[in-house]
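Model the full assembly from the supplied sequences, consistent with the hints where possible.
If you read the sequences in order, they're chains X and P. Here the first sequence stands for residues 1 to 157, numbered as in my numbering. Here the second sequence stands for residues 158 to 430, numbered as in my numbering.
Hints listed in this document are in silico derivations from the structure and should not be mistaken for laboratory results. Relax, there's no trap hidden among the hints.
Subject to a maximum C-alpha distance of 25 Å in a straight line, what follows is the list of computed DSS-like cross-link-like pairs (lysine-lysine): (1) 309(P) to 323(P); (2) 51(X) to 167(P); (3) 28(X) to 360(P); (4) 2(X) to 167(P); (5) 126(X) to 340(P); (6) 278(P) to 340(P).
Here are some chain X residues pointing at chain P (derived, C-beta under 10 Å): (7) 49; (8) 71; (9) 78; (10) 120.
Backbone N, C-alpha and C define an ideal beta-carbon position, used for all residues, glycine too.
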Amino acid sequence: MKLSELVFLTIIFLIFGFIDLQVNLFLKDFYIVSNLTFLFLCYLSFRNPQKINSLFGAYIGFLIDLNQNVFFGLHATLFTLTILVINYNYFRLRMFSSLQITIAFSFFAAFFVGFKSIFLTTMNFKYLVVFLSFFSAFITYLFLPNLGKFLIKKTKL
Amino acid sequence: MARLPDKSSKFLLISTFIICLSILLIDYRLGAFKPVQNFYNSSSIFFQVFSKELILSPIYRSLSSIRSAKRAMEENQSLKQELNKQLIENYIISNKEVLNRNIFFDLVNLENIKTNLLPAKVVRFDVNQYLCCDKHRMFLLPELTGNIDSFKVVINREGIVGQTIKISASLFEVILLSDISHKIPIQNEDGFYCEASGLGMPKKIFCDVDLTLGERDFELNQRFFSSGLGGIFPKGIEIGSIYKIQDLSSKEVRLIIETNADPLSSNYFGILQ
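This is the structure in structure tokens:
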């Protein structure tokens with residue numbers, strides 16, 4: 001990956017992280033968590049697994065950990081794990097239809113939300129948040145590939 | 158064995174994951190990366206303040222064409238700040254006796270003890286994290302130069318908000334009462350003492366009460382005060398009232414207390430020196 005692409009993707013991920021935080025403020029009362037950053041990473045990793053490797057996932061994860069002041073390595077671990085799972089099941093996922101991929105990534109997002117909740121909201125863990133996040137991720141991922149294509153149009157990703 | 162996409166290294170994938178997981182566990186168990194996060198936070202806050210004060214504000218001022226509107230806005234801003242400071246001072250004055258009555262103080266010379274208040278302004282408060290998660294922290298910048306140590310009481314016009322954790326000479330973190338790792342010794346008017354922990358929800362702390370130790374009567378809206386034990390918080394300050402009573406078992410109840418002070422209510426805080 002070129003340096004310019006890395007900087008470009010870093011900025012995009014930071015913007016998505018910021019959007020997630022702002023959206024979550026409004027969605028909190030409905031027990032929904034926005035996962036734009038995570039789903040975008042899933043999309044990129046599935047689109048180009050050679051370039052979006054686990055090192056990139058760790059780098060973006062650590063950056064988000066610092067930015068959101070959460071346990072250092074939380075996002076990095078989950079991002080690298082997701083990339084690992086996508087890579088290991090790459091050819092299986094390639095055979096899936098768009099709807100099946102959306103459902104698969106929504107499951108990943110629900111796991112991501114659940115795991116994060118265990119660490120960050122230990123005292124107030126709610127299964128409803130995990131459950132509803134699956135649906136929110138499903139709806140988000142219906143639109144995300146188009147947004148992703150538009151954003152990385154000029155890069156070679 | 159699963160087949161990987163071309164050029165993907167199995168070793169790289171697994172080793173990166175294991176390294177990240179180890180870092181997470183080390184930070185979770187030992188907090189080893191706290192200095193890194195502090196450094197990042199203080200640098201980004203410095204950058205924010207620097208860019209706001211020295212770059213954005215002058216540009217904004219130069220672009221502002223209507224002088225009177227600008228002056229009115231500044232005046233409005235300064236009046237707001239003054240009002241906030243005044244409200245905190247009023248709180249201090251109305252609670253002067255109890256604020257001074259720390260268990261280590263000499264009760265005879267009560268009038269001679271001066272409560273030093275250092276005003277400070279919020280520079281970073283992650284509201285999202287405050288509303289969703291267990292970690293309830295904010296970063297304050299003191300208005301006056303002064304050495305602020307850890308474990309100083311932070312108040313706003315409604316009451317005690319939390320206590321300080323020193324990061325550098327000019328920046329400190331405040332751990333709020335509702336933070337999951339915060340504890341405050343409290344008591345009610347009937348002489349029941351407990352150590353309340355943060356619940357990880359906004360304005361909520363809790364006490365677990367073992368009913369086998371004696372008969373206790375609790376009711377909703379019963380008021381709780383700081384007990385002064387531990388020597389950090391002054392004795393007798395109203396902390397909040399019972400919001401909910403949960404039965405944990407037949408022999409144990411959890412009192413959920415809603416604190417009086419809302420950290421979202423103002424941008425100005427006072428630190429009791």
